[in-house]
Amino acid sequence: MARLELTEDTTVVLAVGLAAMLVLATVAYTYTQPRPYKHFFEIYPLGPGKMAANYPTKIEVGKPTNIWLGVSNHMGRVEYVLVYVKIGANATAIPNDITLTPSPVTPYKQIEYFLMDNQTQIFPVSIAINKPGLNYNVMFELWHYNETAGGFRYAWHDGSVYRATWSQIWLNVTA
Amino acid sequence: MRKWKILLALTLIYTSSLGVRLIPSIYYDLPYGYDFWEGLMHLGPIIENGHFSSAPPQGPIFYLLLVGASLILGPKVFTVFTYFVPFASSAAIFFVYLFTRKIANENSALIAALITAAAGIFVHQTTLPVPESLGLTFLALFIYLLYTVLTEGDMRKFFLLMLIVIIIVLTHHLTSFFMLLTLALLCPVVLASKKLSLKMLTPVIIFFASLLLTSVWWFFGIPVVSMFFEFIFEASAESWILGAILALICLFLGYRVVFGWEKLRTYFAGREIKISLIITLTFAIGFAIATSLWLPMAIEYHLSPLYQIYYTLPYAAALLFPGLIGLFIHYNKTKESWKRFYPIAWIIAPLASACFLLASSSWGALSYRHLAFIFLGAFPMVGYGYHFICKTGDPKLRLVKGFTIAYFALLIGLLSFPPPQFLVGLDEAYYYPEVQAANWIPNYIPKPTTFDSDHRMGVVIRFTTGQRVYLGNETSWLGEVSQMGSITQINQTIKYLVITEAMLKYTVVGGFLRESKPLPATATDYLNRSPSITRAYSSNLVTIYKKS
Numbered sequence: 001m002a003r004l005e006l007t008e009d010t011t012v013v014l015a016v017g018l019a020a021m022l023v024l025a026t027v028a029y030t031y032t033q034p035r036p037y038k039h040f041f042e043i044y045p046l047g048p049g050k051m052a053a054n055y056p057t058k059i060e061v062g063k064p065t066n067i068w069l070g071v072s073n074h075m076g077r078v079e080y081v082l083v084y085v086k087i088g089a090n091a092t093a094i095p096n097d098i099t100l101t102p103s104p105v106t107p108y109k110q111i112e113y114f115l116m117d118n119q120t121q122i123f124p125v126s127i128a129i130n131k132p133g134l135n136y137n138v139m140f141e142l143w144h145y146n147e148t149a150g151g152f153r154y155a156w157h158d159g160s161v162y163r164a165t166w167s168q169i170w171l172n173v174t175a
Numbered sequence: 176m177r178k179w180k181i182l183l184a185l186t187l188i189y190t191s192s193l194g195v196r197l198i199p200s201i202y203y204d205l206p207y208g209y210d211f212w213e214g215l216m217h218l219g220p221i222i223e224n225g226h227f228s229s230a231p232p233q234g235p236i237f238y239l240l241l242v243g244a245s246l247i248l249g250p251k252v253f254t255v256f257t258y259f260v261p262f263a264s265s266a267a268i269f270f271v272y273l274f275t276r277k278i279a280n281e282n283s284a285l286i287a288a289l290i291t292a293a294a295g296i297f298v299h300q301t302t303l304p305v306p307e308s309l310g311l312t313f314l315a316l317f318i319y320l321l322y323t324v325l326t327e328g329d330m331r332k333f334f335l336l337m338l339i340v341i342i343i344v345l346t347h348h349l350t351s352f353f354m355l356l357t358l359a360l361l362c363p364v365v366l367a368s369k370k371l372s373l374k375m376l377t378p379v380i381i382f383f384a385s386l387l388l389t390s391v392w393w394f395f396g397i398p399v400v401s402m403f404f405e406f407i408f409e410a411s412a413e414s415w416i417l418g419a420i421l422a423l424i425c426l427f428l429g430y431r432v433v434f435g436w437e438k439l440r441t442y443f444a445g446r447e448i449k450i451s452l453i454i455t456l457t458f459a460i461g462f463a464i465a466t467s468l469w470l471p472m473a474i475e476y477h478l479s480p481l482y483q484i485y486y487t488l489p490y491a492a493a494l495l496f497p498g499l500i501g502l503f504i505h506y507n508k509t510k511e512s513w514k515r516f517y518p519i520a521w522i523i524a525p526l527a528s529a530c531f532l533l534a535s536s537s538w539g540a541l542s543y544r545h546l547a548f549i550f551l552g553a554f555p556m557v558g559y560g561y562h563f564i565c566k567t568g569d570p571k572l573r574l575v576k577g578f579t580i581a582y583f584a585l586l587i588g589l590l591s592f593p594p595p596q597f598l599v600g601l602d603e604a605y606y607y608p609e610v611q612a613a614n615w616i617p618n619y620i621p622k623p624t625t626f627d628s629d630h631r632m633g634v635v636i637r638f639t640t641g642q643r644v645y646l647g648n649e650t651s652w653l654g655e656v657s658q659m660g661s662i663t664q665i666n667q668t669i670k671y672l673v674i675t676e677a678m679l680k681y682t683v684v685g686g687f688l689r690e691s692k693p694l695p696a697t698a699t700d701y702l703n704r705s706p707s708i709t710r711a712y713s714s715n716l717v718t719i720y721k722k723s
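Taken in sequence, the protein lines are chains A and B. Under this note's numbering, the first residue of the first sequence is numbered 1, with each subsequent residue one higher. Under this note's numbering, the first residue of the second sequence is numbered 176, with each subsequent residue one higher.
The shape of chain B in the complex, shown without the other chains:
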């Protein structure tokens, strides 16, 4: 393909990626998602004192980048939080393009980049102003660089790779975990390679270096992360055998594909193309339906059947189906076992981890965090698959196929920011009246005090006041009333209750260990009619009650 065409296509893809990721920022004019308010708390000390407060946050690189962008480019940190991440995370499309070009070809790479720009859950996770969005972007670069060093042995790229490892470890804990896990799966396959050379030892060197770095950082820099992993393993104690079996099945399938499953070679070859397409499509849709039926049982969430139409079927058709085709084509064309396994490893590592957690009912809800990582690993295969479908059959139909891919890209792009009705009642957007109410509190409510709210509103209040806030969990009155559906005694330590419209319409957002439920109308009626409770503030969207 001519250079100008590639540049044009990449420019269009980057613009699309940026456009779709900027939608929430443009529409709400506020940062999207809950976690950034906690991140924002870390930035105050950096700006005021030039360094972090006593303990650094778990992703210092992310915060330093935002502060740096604010200082260099001029806008306020809050504006940078709202708009900066899409510009940085859209760079992932270039890294996916470069890697796919290496393992497949130019056209597959462009399609893979397009899907990276639009793939719903991946777009969502790389839009939020949180360390994970940058972690995913750096991981995409890492995947490309490691493959380049393995195939070319470039020492300059090796040092760049080491630098990226340090950046990933200091950016996001979950990304570091998946990087380590994938390297651990990759090392034996690379070491078993018949053409073992010094450059082939790169994953082993990187693995031990990153293991050392991660351990030091997690245990001494941010001990909260190691505690978090400890909680997960403790909570999974009763179900770890089932979880381990599920994870091992994933790993077995991954390794089995690499080390000779010669029958696969007949797939998508010769006259087998049509039947292979039908089998693959049937499997993709069947897998999606089976997952959507099993998932609610595994995680004890009441997921509406509408979720299947909204999520699983579009993803099965637009990603899983071409992704599987891509896997088969990749398998057929690649001879060396490590090269076969390399792109698959980035899919099966997070998949195995998700399966391990799914077995534990209370932590199963965390598995959604794995999807963006699975997607990142799958994009090259999806591009490969789409390219194969385009190339196969009558050339006159190519335009129709091209339009279909474009439509699929838009379709999955539209799934990026689901409304609360399709997100177990979580409203991820914030509105001006809520931020205004949170800014009102420190001016009119004397300290010290305690607030009861939910996780969504509570993190904003915690940011603006620095006071103790109950976040809609077991200790929160609002959390308990929403769970039980009946009125209970308000905890003595609670002085103010902050209620948002989202709590009444959707859910009182608590922890992810239990499904959040809406606040019953009887709760506000009780608060309005109780003589010991003052209705101290109202903007309709937010109401603040003061308990005597």
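Chain A on its own, in the form it takes in the complex:
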């Protein structure tokens, strides 16, 4: 059996080969890793013209006002989603973005949809408040059906961490 002679040239080729293997192994490892933040939901209230502008700010007591709400699914699969509409006062009980807990306020309304991957659903939401007052914050929380838990959950897993999403408009109610 021929013995490998460790000449200067062979050493250089070995070093280069090993370095290439190490680098390529790192690339292969990277390729197998899950991609960051690819799975997410979007939620957005829209004004009467289906634009994020001209939101109603003043409504009459008991009289319904219509806005649009957009929800998009980018979770990479079909999702069963639920939007809770909650009405608070002066933002005293808004969802917590750090602990990912929803607003403790009792839902005023709930809307459910099945969304395909990359599907956006824009639907009307009618809001009526029966008590006059200033600075009502109308919150829209996006919940999704969690098969493991067997029910709707506020936080969702994006592949690496849990996240939650909500939006909000403000209304003044006059008598």
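FYI, nobody ran anything at the bench for these hints, they're computed from the structure. The reader is advised that the hints may include incorrect statements.
[As the list claims (entries may be wrong)] In the DSSO-like style, the derived pairs of lysine-lysine whose C-alpha atoms are separated by at most 27 Å in a straight line are: (1) B:Lys178 - B:Lys332; (2) B:Lys680 - A:Lys38; (3) A:Lys58 - B:Lys622; (4) A:Lys50 - B:Lys670; (5) B:Lys370 - B:Lys514; (6) B:Lys332 - B:Lys370; (7) B:Lys508 - B:Lys566; (8) B:Lys251 - A:Lys38; (9) A:Lys63 - B:Lys722; (10) B:Lys722 - B:Lys622; (11) A:Lys50 - B:Lys622; (12) B:Lys369 - B:Lys277; (13) B:Lys692 - B:Lys722; (14) B:Lys722 - A:Lys50; (15) B:Lys571 - B:Lys180; (16) A:Lys58 - B:Lys670; (17) B:Lys576 - B:Lys566; (18) B:Lys449 - B:Lys576; (19) B:Lys374 - B:Lys508; (20) B:Lys722 - A:Lys131; (21) B:Lys722 - A:Lys58.
Given the structure is predicted, the values throughout are model-derived calculations rather than measurements.
Knowing the structure of chain A, use the given hints to seat chain B on it.
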């Protein structure tokens, strides 16, 4: 060395170079870095109209190449932006190999090419889809071609060299600047050569030709570049004497080495090898520590001591130490002064420029841009140094030394794409929810309007909307709140505020003249609780607020 071994080694090195540069594109599946979004804006008019809009961008060759690649190869421009640059910039390994082979030998050249493939900051700058990555690649070719013309006087290569000069000038302003600066340093040394001939006048001819070309292009083609240099000199007005002294020290050392520092000849010769190695290693590590201690004071950035472990020590051990050895060996083996000076000139020119800027506290942060150019000049010397270390001592240890070089290559390769924690809080990657939010805006937010965001997210919004965006600087509410840590009045002209998770976790990226800081949680709390502000969009990673 046999041809097949060389071809095998070069193929492996190119594959490694490509592999390491493709990591961010593969992982994030989006272009890496901030600047390309601004570049992308230039491509729309080219594709739609066949020409640039009113003023061409500062690197038209770069953009034309990308559009050309898209048209010829078929993928969309966005995909080309994401994946094309590593394929082109990895060619630098061949140019470094060819040049090192000329001034040293085959094995040093292969090691130099390997280090070029993996050297952290150089990899980073040649991965970003920006003109600089191609500028560095063309500069590597220029360094090789100029040396070839100087030594062989080949007229065909001279014309090729002229073509490369035109390409560099039309590709990247900073590369053109360093090319001019190095040629200016090189000319007197070449002219002082005892064997002066027509071919030796090449750097002088190239210098004046490129000076003329650059001046015309900068002043008439892209006046923004000359304005940029003007800003730098104006900002350095108070510190230019200190800057000039620091730059002159670099130049003095460079010239001193060339024109007789005969004591250096005893380094790495005869019985002096061991003591020379110890002195060089001590100097390399000492220099790295001194730099990392002085740098935060010079640039007024709060750099964590962890940075020393992450950057300076690996670079000192893996690049500076063998690089210095390479310099000594090169000095000892080369007799002609211009040949001694030629590879050194490509190191000291950007080094002197970096030292000049470092003296100016506000512009010192720009010095990081010089590192890739210093590295490019240093690679041949690093290869030379590693080869010398491999050859010296017991041949039985060669395999261990070879493995050590391979490990060092991987080590510095891993430093190529630092996380925000080691990059003064800059998250250079983009994520799908951010791009999606930027694409959502033009569909749901009526024009004309104004946005407040940071430089990182703002350039994407500017690209998708074409609207006015505050980029986290002094005019931006987010920029000011992050700097002061307390809530202020939101500017009347701001209609929408776009906040990303990166702003809260890392920094609101503003200009480099001041250190970026994270957005305090009180800012989002204020926005969520203020009745005059609608939380108009949320995907958790991005939240858009509308101000009434």
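Going through the hints against the structure:
1. The straight-line distance between the Cα atoms of Lys178 of chain B and Lys332 of chain B is roughly 24 Å, inside the 27 Å bound, and the hint therefore holds.
2. Taking the CA atoms of Lys680 of chain B and Lys38 of chain A, the gap is about 18 Å. The hint holds against a cut of 27 Å.
3. The hinted pair formed by Lys58 of chain A and Lys622 of chain B meets the criterion: a straight-line CA distance of about 24 Å does not exceed 27 Å.
4. With a C-alpha separation of about 18 Å, the suggested pairing of Lys50 of chain A with Lys670 of chain B holds against the 27 Å cut-off.
5. As the CA atoms of Lys370 of chain B and Lys514 of chain B are separated by approximately 12 Å, the hinted pair is consistent with the 27 Å bound.
6. A threshold of 27 Å between alpha carbons decides the hint, and for Lys332 of chain B with Lys370 of chain B the separation of about 21 Å falls inside it, so the pair holds.
7. Taking the CA atoms of Lys508 of chain B and Lys566 of chain B, the gap is about 16 Å. The hint holds against a cut of 27 Å.
8. Between Lys251 of chain B and Lys38 of chain A the CA atoms are separated by roughly 21 Å; this keeps the pair inside 27 Å, and the hint holds.
9. Proposed proximity of Lys63 of chain A and Lys722 of chain B is supported: the alpha carbons are some 25 Å apart, at most 27 Å.
10. Note on Lys722 of chain B and Lys622 of chain B: the hinted pairing holds, with a Cα-Cα distance of about 15 Å set against a maximum of 27 Å.
11. At most 27 Å may separate the alpha-carbon atoms for a hinted pair to count; Lys50 of chain A and Lys622 of chain B meet this at roughly 14 Å.
12. In summary, the hint linking Lys369 of chain B to Lys277 of chain B is supported, as the alpha carbons are separated by about 21 Å, within the 27 Å threshold.
13. A distance of roughly 23 Å separates the Cα atoms of Lys692 of chain B and Lys722 of chain B; the hinted pair therefore holds under the 27 Å criterion.
14. Restraint check: the Cα-Cα separation between Lys722 of chain B and Lys50 of chain A comes to about 17 Å, which is no more than 27 Å; the hinted pair holds.
15. This hinted pair checks out: Lys571 of chain B and Lys180 of chain B have alpha carbons roughly 21 Å apart, not beyond 27 Å.
16. The suggested pairing of Lys58 of chain A with Lys670 of chain B holds, with an alpha-carbon distance near 20 Å, which does not exceed 27 Å.
17. With a C-alpha separation of about 9 Å, the suggested pairing of Lys576 of chain B with Lys566 of chain B holds against the 27 Å cut-off.
18. With a C-alpha separation of about 16 Å, the suggested pairing of Lys449 of chain B with Lys576 of chain B holds against the 27 Å cut-off.
19. For a cut-off of 27 Å, the pair hint linking Lys374 of chain B to Lys508 of chain B stands: about 23 Å separates their Cα positions.
20. For the hint pairing Lys722 of chain B with Lys131 of chain A, the CA-to-CA distance comes to about 26 Å; that is within 27 Å, so the pair holds.
21. The straight-line distance between the Cα atoms of Lys722 of chain B and Lys58 of chain A is roughly 16 Å, inside the 27 Å bound, and the hint therefore holds.
Violated hints for the displayed structure: none, as all numbered hints are satisfied.
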